[in-house]
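Undergrad: Chains as they are written, first to last, in my numbering: chain A, 388 to 500; chain P, 3 to 115.
Be a bit skeptical, because a hint or two may be false.
Stated by the list, open to error - From the derived model, a few chain A residues whose C-beta atoms are all more than 12 Å from chain P:
| id | residue |
| --- | --- |
| 1 | 392 |
| 2 | 404 |
| 3 | 444 |
| 4 | 468 |
Said to hold, decoys possible - SDA-like mimics (lysine to any residue), calculated; alpha carbons at most 25 Å apart, straight line:
| id | chain 1 | residue 1 | chain 2 | residue 2 |
| --- | --- | --- | --- | --- |
| 5 | A | 423 | P | 111 |
| 6 | A | 454 | P | 11 |
| 7 | P | 59 | A | 417 |
| 8 | P | 73 | A | 431 |
| 9 | A | 423 | P | 19 |
| 10 | A | 423 | P | 90 |
| 11 | A | 423 | P | 43 |
| 12 | A | 423 | P | 42 |
| 13 | A | 454 | P | 73 |
| 14 | P | 73 | A | 429 |
| 15 | P | 59 | A | 495 |
| 16 | A | 423 | P | 24 |
| 17 | P | 11 | A | 424 |
| 18 | A | 457 | P | 73 |
| 19 | P | 59 | A | 480 |
| 20 | A | 423 | P | 12 |
| 21 | A | 423 | P | 97 |
| 22 | P | 59 | A | 390 |
| 23 | A | 423 | P | 112 |
| 24 | A | 423 | P | 11 |
| 25 | A | 423 | P | 21 |
| 26 | A | 423 | P | 98 |
| 27 | P | 11 | A | 429 |
| 28 | A | 423 | P | 40 |
| 29 | P | 11 | A | 457 |
| 30 | P | 73 | A | 480 |
Rather than coming from a laboratory, the hints here were simulated on the basis of the structure.
We put the CB at the ideal spot given by N, CA and C, even for glycine.
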Amino acid sequence: GEDVEQSLFLSVREGDSSVINCTYTDSSSTYLYWYKQEPGAGLQLLTYIFSNMDMKQDQRLTVLLNKKDKHLSLRIADTQTGDSAIYFCAESISWTGANNLFFGTGTRLTVIP
Amino acid sequence: NAGVTQTPKFRVLKTGQSMTLLCAQDMNHEYMYWYRQDPGMGLRLIHYSVGEGTTAKGEVPDGYNVSRLKKQNFLLGLESAAPSQTSVYFCASTPGANRYEQYFGPGTRLTVT
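Okay, chain P solo, but in the shape it has when bound (with noise of 0.2 Å):
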């Protein structure tokens, strides 16, 4: 199994660019997650999903789109990058029902010049 992968692992884009962030996962895990991390602010939650086919906001969702038209996939946007949106995107996913613990991607860096 490969895990969770993300691709790319690195971007850069200027203000205004849009891009979208894809998170796979090979587990059957039901439940998706996007994070974004910035220095001394721990991870915070974009959005998530908890089935084919839904998605939820979390804490920080202004500026972001998500999808999830397939199981295993989650897809993150950005319409329109502003500065701000400048940090590290890790995607997660746990199995679902009481299952708590969850499987992080290796990250993708986002640089918005």
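Just chain A, with the same shape it has in the complex (with noise of 0.2 Å):
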């Protein structure tokens, strides 16, 4: 099956950029997506990219997806208190005609007050 791989975990100091990294393996992917998860709370749409981009930026937040390498990342920037979250990134799948997405197994960004 699909395997989207993120680290678990991440910590910053506020005011700070922070970077979180997301490996994909199906090529095929059409759109690759950022979703926040604050806690008790179910996922939130932050952004996404479709696959023939390289980068999208979005006020504080930057996509960057190196397509080559499999390989995304979301750039949060000026990082607040706020911002402590968990964040999965997703893939979605076109052969499944359903419209599928595979997630990660999600980052929890810790802010450093």
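Got two chains here, each in a separate frame; can you build the complex from them with the hints?
TA: Now the structure itself:
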């Protein structure tokens, strides 16, 4: 099956940049996504990138995609304590016919004041 | 719009009991999904539906059944609950066709003793 991998933990100081990394295996992915999950809540879509793009910027968020290495990253500039959460990357697999997403295990970001 | 809602938010079952989790969406989305989330394992797809009256198995379907009698509702049933089904259950929906982003409900925390 598809394998989406992320490191489990990341700690940064408030005001620094955070970079969360993800690797995926399916080269036919159409879109790649970043979701945020705060404690006790569902997953909130943060941003996504189409597979033929290299970079997408959305306010403090920058997504970089290296399709050759199947590597996706999310950079959060000027990280705030409110950014503390679990971040999931996900890839869409077009061949399933049902717009299924495959999720990584999530990276828990802790922002230190 | 309420988006995606789930009922109940919490439930405790004894082994062997049955229950149904309800997911409702008011966005007229075609596709709906049920996931379970366990520590360190990300989200795993249980069942999904690509339209009213249709359902299909996901990655971990055993022990669960689903029904999609109305487009806006997707029900997840546990016929005979087991402790291994203790988890947080999330429902999601997506418009369908070429739209892959999924919108999540707030989750149901189920404990089976």
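Undergrad: Any hints from earlier that this structure breaks? Give me their numbers in increasing order, please.
TA: Hints 1, 6, 9, 13, 15, 18, 25, 29 contradicted; others consistent.
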